[in-house]
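There are 2 protein chains.
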Amino acid sequence: MNPRSVAIIGASQRGASTLNREPRGNRVIRNLKSFGYPGRIVTVNPKYTEVMDCPCYPEIAAIPEPVDCVVLAVPNRHVPDLLDSAANAGVRAAVVFSAGFAEIGPEGKERQARLETLSRERGFLICGPNCYGVLNVFGKAPLFASTIPQGFLAGPVALVSQSGGLSTTIANALMLNRHVGLSHIVSCGNQAGATVEEYFNYFVEDDNTKVIAAFVEGFRQPYKLLEVARKAAEREKPLIILKGGRSEVSQRAAATHSGSLAGTAEVIDAAFRQTGVVAVRSLNELMDAASVFSCERFIRSYQGGRSIGVLSGSGGECTLVSDAAANVGLEVPELTETTKSQLQDAVSDFGNMNNPLDGTGAMYDDERIFPRLLQALVDDANIDVVTVNLEANDPRPKELKSGNRFSAAIEKAAASSKKPIACFSSIVGGPVDPDILVPLREAGVPLMEGAECATMTIRNLAEYYEFQRGRKADRSNAAAPVFAKTLASGILSAATSFRLFEEAGIPVASTLVTRNADEAAAAAERMGFPVALKIESAQITHKSDVGGVALKLNDASKVHEAYGRIINEVRRRVPTAKIDGVVVQSMAGAGVEMILGVKRDQLFGPVVLCGFGGILVEVLKDVAVAIPPISRAQARDMLKRLRGFSILTGVRGKPPADVEALCDAIVGVARLATALGDQLLGLDINPLIVLPKGQGAIAVDAVVEIQ
Amino acid sequence: MNPRSVAIIGASQRGASTLNREPRGNRVIRNLKSFGYPGRIVTVNPKYTEVMDCPCYPEIAAIPEPVDCVVLAVPNRHVPDLLDSAANAGVRAAVVFSAGFAEIGPEGKERQARLETLSRERGFLICGPNCYGVLNVFGKAPLFASTIPQGFLAGPVALVSQSGGLSTTIANALMLNRHVGLSHIVSCGNQAGATVEEYFNYFVEDDNTKVIAAFVEGFRQPYKLLEVARKAAEREKPLIILKGGRSEVSQRAAATHSGSLAGTAEVIDAAFRQTGVVAVRSLNELMDAASVFSCERFIRSYQGGRSIGVLSGSGGECTLVSDAAANVGLEVPELTETTKSQLQDAVSDFGNMNNPLDGTGAMYDDERIFPRLLQALVDDANIDVVTVNLEANDPRPKELKSGNRFSAAIEKAAASSKKPIACFSSIVGGPVDPDILVPLREAGVPLMEGAECATMTIRNLAEYYEFQRGRKADRSNAAAPVFAKTLASGILSAATSFRLFEEAGIPVASTLVTRNADEAAAAAERMGFPVALKIESAQITHKSDVGGVALKLNDASKVHEAYGRIINEVRRRVPTAKIDGVVVQSMAGAGVEMILGVKRDQLFGPVVLCGFGGILVEVLKDVAVAIPPISRAQARDMLKRLRGFSILTGVRGKPPADVEALCDAIVGVARLATALGDQLLGLDINPLIVLPKGQGAIAVDAVVEIQ
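Which chain is which? The protein sequence lines are A and B, in order.
Position 152 (the first sequence) corresponds to 152 in the working numbering; numbering is contiguous.
Position 416 (the second sequence) corresponds to 416 in the working numbering; numbering is contiguous.
The following block holds chain A by itself, in its conformation from the complex (with noise of 0.2 Å):
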């Protein structure tokens, strides 16, 4: 990142007839330089001595003085003997901005793999290949192979994007677009060496930094990315990330049941809600993210709340607003009283005094309403966060404009306020008036575009304070009490996975392996009755389909005769199966049918999983997620999170089921995870019985498989 020295090589004397062709290798040395670069320059081509004022040599080999970083833009073959030769001259870095490697199949792969090895055995750093390099800002170390426009913006945020065109395009539209200023621009491509994960941990030890904006594609290290997100989050730096790729990774082929109910997709949601990373879903709510988490004095006079006041000129506008905060969760509150007789004589002539604020035509034709309305916002109790539709981005001539008639004030009350205020237009698009977006921002104003990316912005403010207010309150998140356990590999017996349960503070029926009749029966006895029973074979999965079960039994006469016909029938159906006995198990009352399970995800690795039984977790795949370890607050936000979570609260008439015990299942089933770690391969409670409140959940059945 903050290289001493560098050497290009695939910089040459010929020139190129616009910028836009010159070799990339020259536009990183025009970089370099017009970033003002502070330390040494060389290059590397055999055909000259110098170029562009560069000294020139032959070879890597042959400079006289230490290299900390080579920046490499020649045709992708030349490069892995090129990086070797860099190592081998005591270089430690490199940038390579071919492509040619991973993304065109195997013969790329091969050539990638050689990158890798470097990197991996040798500790050598490289940052691509595929990608347009680093440019540190504050550094003025601009290793980077696109052009970067004049006056360029310096400021809090770091952005990380794999796709170099995707680095630029945002990096632009934020500087010119939003005002937003820039502390690092890394496109790291392939991710041959250093990877987004390790990026991201550079930007959180940097002080340059207070925000992180990403676009990745792909993670390399997804437990490194859980452990940086949690220090992001302990360092207050909000980590912005647009996951791309959401419907590309195939699932992997589910080891259980209800392993395959959940993608891909759905574990990086719940690792980035776990850890409070800000997820967005476009390139545009990427970037009023940005705007508004960088926006300092606008951040810190946010105390949290999803009570939205909305300033709007245009009556549609206030109907389309109201309409995007309901869908993303905000609040659009009424005013208060004390707002309603502060307004009741600015608006006499033209309006209702409700929250969104229609100023009308009034607002335009009388310049001294403005400010009244925009006020009234500011003071009222009922709201946390005041919002002005203002264009900024009126693609019409400057004179018919009608956005910098009211951004002045907007200054103005914010320089005396001590609630946050941000600005938004009606569309996306059109150019932004520079002269209305610099001076509402410098007085802590961020703008935003268009009224579902303002309300999408601001509610994502809301969870990650939410967040940050939780995870300062959650202490049971620490603790997740380890035992070892090693155990053989196959479908463990229900006895071994009740064990394991108990053990893990998962409550299950009693269950009792019994090996005749009288045996069962006793067993029943002492458990109370109603009782099933249900064959114990290591051979046998779906026990009912072979006669294996009996259900409902109410005496131990009935007992007696069930473990008789179990036993016939099984041996008559699967004469081949080694019977283990029979096992007796109390029957839970009624209680709502939960499934409860852990799955390996291919990132994340072991996930747990809850739904209802029946169909809506086989019709509806109405199926909540989270990576353990899960204190019991992540717990409870799995539950609110299922569709049919009124179900658990009391619907038709039944009673509320014991929420509190279903979580503390959960939070068993995720220690139970990380215990076993890499052995489980698939847990499956189904059905875990909810009881009604106070009463406890049970596991009634379960399959445990063991790699």
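Hints may be right or wrong, so weigh each one.
Identical chains blur together in the list; that is why a pair holds if it fits in one copy or across any two.
As the list claims (entries may be wrong) - Only pairs whose alpha carbons sit at most 30 Å apart, straight line, appear in this in silico DSS-like list of lysine-lysine: (1) K640 with K621; (2) K33 with K401; (3) K654 with K552; (4) K472 with K640; (5) K109 with K340; (6) K654 with K621; (7) K578 with K231; (8) K401 with K140; (9) K210 with K237; (10) K693 with K621; (11) K140 with K398; (12) K578 with K140; (13) K418 with K340; (14) K398 with K33; (15) K140 with K33; (16) K33 with K693; (17) K210 with K418; (18) K47 with K140; (19) K109 with K621.
By construction, these hints were calculated from the structure, which means they are not laboratory data.
Every value quoted in this text rests on a predicted model; they were computed, and no experiment measured them.
Start from chain A and add chain B according to the hints.
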């Protein structure tokens, strides 16, 4: 719309310091003159004899010649009297800019009522109040309150927006950011006279208008909306509507159980879907839809289909488009083998031949590559629409922009292509470069902004095409035979309900009212066992609560016994009820339990609802709605929109259900709703049992309420 002469009331000789502050009356005169209005302009103001070179009279009655239309830009309190005197003077139409009517509460409502009366009783045409008026572009008649920009672009799109502010925002953005021309702008405000439905109708008839785009807050004549939308569909004029206020309208208290399940927003969605309205959800979607649907050459070359080809120079953008396409239901298919072999040498060095097709940096370095990639997508047989990622809104200085390097090649490809080509930018926002936008548009290539909006818009186009194809194919739509009925008010008896259902073609369980146990047993023998018995009494709605139901009776003796038990039990528990007998009903076999009903919507009257019984409807509100008449194809569409649809096609090892029979039942219920008209307060069939495929569907229990 086309007045031969107008009188402006509210213009003044007092000038204004800036364009923004001039009196609205003066602004209209300036607008009329700058547009070259061919008719006569007079003004009314007792202080002057002329204003802005137009003759001025002290009052309307004093104008010597006939006036077609008056324009009122005066304080609201003067409006009603002025309109009265205009009507008395023989004027037939008015545009009322003034605010302060129904939108401000009781006083304003009263004021507006006078306008409504004038409009209703004397046929006086009123646009407004609280609006910007009407701009007829081809008639050169801008009776419009806002300053009109120079270089106004005439074209095929009529824009209707109640909101004045948004009408100009949308119009300017359409013209300047999309190069879309307009035939009219209408801001009709409170719709005291002419309604949005009437304007739609005018534009459906208007030859200059090919596409209608509208932002609507409230419909005043919903039945007219359905009619005009059907007419627009027949004439193949797309009607694009952004409906605001989705969360605003309070739901009417439900008359029946299923009635509580669908809000007005869902009903409006259903109305749009059934009549082919292109429903959009944001201003930018509205703009992109108007842009694409009005691009004549593009639309002509589109032959249906949801498969897009994507060309971009950024791998990251390729990922984002794939995600966005998957989100809205578009396909991004594999390229054909022919295309792949065609591309083999063009992409030798840089990539896979996938769709999205990533041109990478190579496309920027070698300008021969881009046209070949584009042509390959145009020629590919798997692709219906070619989309090109092009930064036409790059905010950087011109020499650093990339978009204009490719637009000429796109124009060239479009000139010879029989396949539609569209462009889209990565980010929404930034100044759109007219040097790219205008020639592309003229070549039949519309520009959209952002992957999300672009994919959504092409999806909207595909749906519109599918709707039109379905409309032409679906002859069943027309036939909705009506049988006249007049029914007594209240809850109908089971027997009456079931007779109605049979007349409407809805199959019902065999049902007979019996007067004694012998009759009941004999009826059961004829129907076949098992049967159910249910008490028949107008006073008893919840039959099972009072012991009035017996199920699964397998032989005559059980029917005999149950008959006596039911009569005794009901007499004991509801001694006041008049008992009409006991209904014997054959019990349907096992099937999928649905609910099917009719509720009255405050806008559209009777609405048919259909959903699954049990938790899907009670917890998840999984209900589909449609407005009668409903064709079989529309009934099938309703079912497909249910989240639990797969239950009908067979899940968990169950056989597929008789979907055709269910569709017949939906069509029958719709027919019944039409036949009964306003008499029907609510109808609730619960359950309708849908038997396995080929075995039909049977209404088992129903409540019908007549007013």
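Consistency of the hints with the structure:
{"no.": "1", "hint": "K640 with K621", "verdict": "both (15 Å within a copy, 17 Å between copies)"}
{"no.": "2", "hint": "K33 with K401", "verdict": "between (40 Å within a copy, 21 Å between copies)"}
{"no.": "3", "hint": "K654 with K552", "verdict": "both (22 Å within a copy, 25 Å between copies)"}
{"no.": "4", "hint": "K472 with K640", "verdict": "within (21 Å within a copy, 46 Å between copies)"}
{"no.": "5", "hint": "K109 with K340", "verdict": "between (67 Å within a copy, 21 Å between copies)"}
{"no.": "6", "hint": "K654 with K621", "verdict": "both (23 Å within a copy, 18 Å between copies)"}
{"no.": "7", "hint": "K578 with K231", "verdict": "neither (52 Å within a copy, 74 Å between copies)"}
{"no.": "8", "hint": "K401 with K140", "verdict": "between (38 Å within a copy, 24 Å between copies)"}
{"no.": "9", "hint": "K210 with K237", "verdict": "within (6 Å within a copy, 52 Å between copies)"}
{"no.": "10", "hint": "K693 with K621", "verdict": "both (26 Å within a copy, 25 Å between copies)"}
{"no.": "11", "hint": "K140 with K398", "verdict": "between (36 Å within a copy, 25 Å between copies)"}
{"no.": "12", "hint": "K578 with K140", "verdict": "neither (73 Å within a copy, 93 Å between copies)"}
{"no.": "13", "hint": "K418 with K340", "verdict": "within (20 Å within a copy, 61 Å between copies)"}
{"no.": "14", "hint": "K398 with K33", "verdict": "between (37 Å within a copy, 22 Å between copies)"}
{"no.": "15", "hint": "K140 with K33", "verdict": "within (9 Å within a copy, 57 Å between copies)"}
{"no.": "16", "hint": "K33 with K693", "verdict": "neither (70 Å within a copy, 76 Å between copies)"}
{"no.": "17", "hint": "K210 with K418", "verdict": "within (22 Å within a copy, 51 Å between copies)"}
{"no.": "18", "hint": "K47 with K140", "verdict": "within (29 Å within a copy, 69 Å between copies)"}
{"no.": "19", "hint": "K109 with K621", "verdict": "neither (36 Å within a copy, 50 Å between copies)"}
Violated hints, in rising order: 7, 12, 16 and 19; the structure is consistent with all others.
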